[in-house]
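A.B. asks: With positions in the sequence shown counted from 1, the corresponding number in the working numbering is that position plus 63.
By construction, these hints were calculated from the structure, which means they are not laboratory data.
The structure presented is a predicted model; accordingly, all values stated were derived computationally and were not measured.
Note that CB positions come from ideal geometry on N, CA and C, so glycine has one too.
Any given hint could be a false lead.
To be verified - With a Cα cut of at most 30 Å, we get these calculated BS3-like pairs of lysine-lysine:
| no. | residue 1 | residue 2 |
| --- | --- | --- |
| 1 | 176 | 211 |
| 2 | 122 | 176 |
| 3 | 257 | 140 |
| 4 | 176 | 214 |
| 5 | 250 | 214 |
What the hints assert, rightly or not - Computed beta-carbon distance windows for the label pairs:
| no. | residue 1 | residue 2 | range |
| --- | --- | --- | --- |
| 6 | 229 | 268 | 30 to 40 Å |
| 7 | 144 | 121 | 10 to 20 Å |
| 8 | 178 | 199 | 46 to 56 Å |
| 9 | 112 | 197 | 19 to 29 Å |
| 10 | 258 | 122 | 56 to 66 Å |
| 11 | 265 | 222 | 31 to 41 Å |
| 12 | 258 | 230 | 47 to 57 Å |
| 13 | 252 | 123 | 41 to 51 Å |
| 14 | 175 | 266 | 17 to 27 Å |
| 15 | 246 | 197 | 26 to 36 Å |
| 16 | 199 | 242 | 12 to 22 Å |
| 17 | 188 | 142 | 14 to 24 Å |
| 18 | 228 | 188 | 22 to 32 Å |
| 19 | 181 | 226 | 50 to 60 Å |
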Amino acid sequence: MKRRKLLVIAGILLVLVVLAFIASALLRRPAEKAAQAPVFVERPIAAPDPATAQAAASKAPGSAAAQKELGDALLAKRRFDEAATAYRASLAIDPNQANAWSALGETVMQTTKAQGIELPAEAGNAFRKAIAIDPRDARARFYFAMEKDLKGQHDEAIGEWLQLLREVPAGSDADESIRSALAASIKRNIQLIKQAADEAGRVQPRYTSQK
């Protein structure tokens, strides 16, 4: 009887070790495909009408602020290609604008086909420049966290997103994007854990009663 109990305990321990190993491996797997990027737009005040902003930018072609405002107006309307042109014009005049760099990265994310689990090269470069100027730039941090999540670094990504939730205005586009990304990551993790449990169950020793 004592020997039988020891065998049962050993079998249970073996299953737990196998389950932990499989779960660890699965949770570190990169996502099979990059999800479509949510639109991360921070607008503390209402964006100007694109036509009005275009007129102002045309009158002041050498003004980085006017070109940036045009980019913001176009981005608010999801006119990403046109917004990118305006941001590039603004940054050519004054490259020391963190928000303009991260906004440019946003437009690239929305107009460039995903490259596996990596951010598009131009977007990643724009976000790095934004972070170099302002380490707290929320949009750049959001997308770098997304890249970590797609690479399987889920804990780090979720931790960064939760920190961002403490910083961005409630009800903003940024808030909605972060919550959507968190929900997608958690759902993906739950599926991976279930898959790990199912795989462990297939190698689990079967206990048979011995009379």
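A.B. asks: Run every hint past the structure and note whether it holds.
C.D. replies: How the hints compare with the structure:
no. : hint                  : verdict
1   : 176 - 211             : holds, 18 Å
2   : 122 - 176             : violated, 35 Å
3   : 257 - 140             : violated, 40 Å
4   : 176 - 214             : holds, 17 Å
5   : 250 - 214             : holds, 16 Å
6   : 229 - 268: 30 to 40 Å : violated, 46 Å
7   : 144 - 121: 10 to 20 Å : holds, 18 Å
8   : 178 - 199: 46 to 56 Å : violated, 27 Å
9   : 112 - 197: 19 to 29 Å : holds, 28 Å
10  : 258 - 122: 56 to 66 Å : holds, 59 Å
11  : 265 - 222: 31 to 41 Å : holds, 33 Å
12  : 258 - 230: 47 to 57 Å : violated, 34 Å
13  : 252 - 123: 41 to 51 Å : holds, 49 Å
14  : 175 - 266: 17 to 27 Å : violated, 42 Å
15  : 246 - 197: 26 to 36 Å : holds, 27 Å
16  : 199 - 242: 12 to 22 Å : holds, 20 Å
17  : 188 - 142: 14 to 24 Å : holds, 22 Å
18  : 228 - 188: 22 to 32 Å : holds, 26 Å
19  : 181 - 226: 50 to 60 Å : violated, 23 Å
Going down the numbered hints, you'll see the structure goes against 2, 3, 6, 8, 12, 14 and 19, while the others check out.
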